[in-house]
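Colleague: Quick mapping for you: the protein sequence lines, in order, are chains A and B.
The numbering of the first sequence is this note's numbering, which starts it at 1 and goes up by one.
The numbering of the second sequence is this note's numbering, which starts it at 1001 and goes up by one.
Calculated directly from the structure, the hints in this document are not laboratory data.
Owing to the predicted nature of the structure, the values given are computational and were not obtained by experimental measurement.
One or more of the hints may lead you astray.
Said to hold, decoys possible - Below, computed lysine to aspartate or glutamate pairings styled on EDC-like, alpha-carbon distance capped at 16 Å:
id	chain 1	residue 1	chain 2	residue 2
1	B	Lys-1115	B	Glu-1225
2	B	Lys-1187	B	Asp-1067
3	B	Lys-1161	A	Asp-44
4	B	Lys-1161	B	Glu-1148
5	A	Lys-28	A	Asp-89
6	B	Lys-1189	B	Glu-1179
7	A	Lys-69	B	Glu-1179
8	B	Lys-1187	B	Asp-1072
9	B	Lys-1045	B	Glu-1148
10	B	Lys-1078	B	Asp-1124
11	A	Lys-116	B	Asp-1152
12	B	Lys-1115	A	Asp-55
13	B	Lys-1115	A	Asp-44
14	B	Lys-1161	A	Glu-109
15	B	Lys-1191	B	Asp-1067
16	A	Lys-65	A	Asp-47
17	A	Lys-65	A	Asp-89
18	A	Lys-69	A	Asp-22
Stated by the list, open to error - A few chain A residues that don't get close to chain B, going by computed Cβ distances all over 12 Å:
id	residue
19	Ala-21
20	Ser-38
21	Asp-55
22	Glu-70
23	Val-72
24	Ala-73
25	Pro-90
26	Lys-104
27	Ala-112
C-beta: ideal position from N, C-alpha, C; glycine also.
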Amino acid sequence: MLARLLLGVLMMAGAAASFAADLPTLPKAKGEACIEASATMRRDHPDMLRHQRDDTLRQGIRGAKASLKECVACHAAETTEGRAIPVNDPGQFCQSCHAYAAVKPDCFECHATTPKPVKEASR
Amino acid sequence: MNALSRRQVILTSGAILMVAPAQARSPGQPASARQRWGLLIDTAKCAPDCNVCVESCKAEMGLSGHDRPLTDAQYLRKINVKDPATGASHSLPVMCQHCAKPACVDVCPTGASFKRADGIVLVDRHICIGCRYCMMACPYKARSFAHEEQTDQQPHLPRGKGTVEGCTLCVHRVDQGLEPACVESCKAKAKGAMLFGDLNDPESDIAKRVAREATTRIRADLGLEPGVRYQGI
């Protein structure tokens, strides 16, 4: 009985190991260093943005350390023609990791996915 | 002796208070009720065929339509009015009037419609459920609803399907110490019919003109106390 159970556990572990998805590959960011260490960013970036967004929108506090706009500005890759690729496109910075973790970010239903300079000429 | 007298200290602090509204807030500072942002629109300088403010608003906010005039997002629209008794006609831009007692904030069931300390009325789309009660409550038809999925948003103006949106008084520019895009474009490309400033600052151009000249607010009878004032209607 115990041997059969052990065999089952071993088989499950083996199956998990063989089916594990490849780690996501991320495009390199433009900037030199992020605002925090990579491990901290991976774990805490939603919290950094969630609380800060209310301060900025509702109280008008600008210039916070964490900013989604800055994330996108730094992490949006460019095509060879110099056009920015949306960060939520498959294989891009946000999407590759979120696909791996099976988490859907809602940010980009509203927020811009590419950095874009304001068109001064059109005004 | 160099020590400041009590009188000097009070005078200096007053001077700082009066100068501050003209500049951008330093980073980390919240918007303050010391300011009350407002607009003064002179309809005598607003031509019926001029659309400069509307176009600059669309460009600044990244508003792209679907060729559906009834439901496409518009933060700012031009209205042509005519007095049937005298035949006098006027053209005026109408946007969110940034009321001191906003009806949209009163009716919002989630608290997404809110008034910032400095009088700017905004929608917090993080908690807007898209019920559109605010659109029905607003007597100025100032708000729009995003019916479609949005792409190509401006980084400073997130907007998405299923949420209500409206004029933000270009809050992203005001916080930098700039004027709203419509005011700037009207000055640069049209006759400068719009004046932006702090109604609470007695030294500002807008407060001086409002104190000196006759101005009206649209549907002042409703008592919402809009921050946008008009002349010549």
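Colleague: Run every hint past the structure and note whether it holds.
Modeller: So, going through the hints one by one against the coordinates:
no., hint, verdict
1, Lys-1115/B with Glu-1225/B, "holds, 13 Å"
2, Lys-1187/B with Asp-1067/B, "violated, 29 Å"
3, Lys-1161/B with Asp-44/A, "violated, 27 Å"
4, Lys-1161/B with Glu-1148/B, "holds, 5 Å"
5, Lys-28/A with Asp-89/A, "holds, 15 Å"
6, Lys-1189/B with Glu-1179/B, "holds, 15 Å"
7, Lys-69/A with Glu-1179/B, "violated, 22 Å"
8, Lys-1187/B with Asp-1072/B, "violated, 26 Å"
9, Lys-1045/B with Glu-1148/B, "violated, 36 Å"
10, Lys-1078/B with Asp-1124/B, "violated, 26 Å"
11, Lys-116/A with Asp-1152/B, "holds, 9 Å"
12, Lys-1115/B with Asp-55/A, "holds, 14 Å"
13, Lys-1115/B with Asp-44/A, "violated, 30 Å"
14, Lys-1161/B with Glu-109/A, "holds, 7 Å"
15, Lys-1191/B with Asp-1067/B, "violated, 29 Å"
16, Lys-65/A with Asp-47/A, "holds, 13 Å"
17, Lys-65/A with Asp-89/A, "violated, 25 Å"
18, Lys-69/A with Asp-22/A, "violated, 29 Å"
19, Ala-21, "holds, 28 Å"
20, Ser-38, "holds, 24 Å"
21, Asp-55, "violated, 8 Å"
22, Glu-70, "violated, 10 Å"
23, Val-72, "violated, 7 Å"
24, Ala-73, "violated, 8 Å"
25, Pro-90, "holds, 16 Å"
26, Lys-104, "holds, 14 Å"
27, Ala-112, "violated, 4 Å"
Hints 2, 3, 7, 8, 9, 10, 13, 15, 17, 18, 21, 22, 23, 24 and 27 from the earlier list are contradicted by this structure; the remaining hints agree with it.
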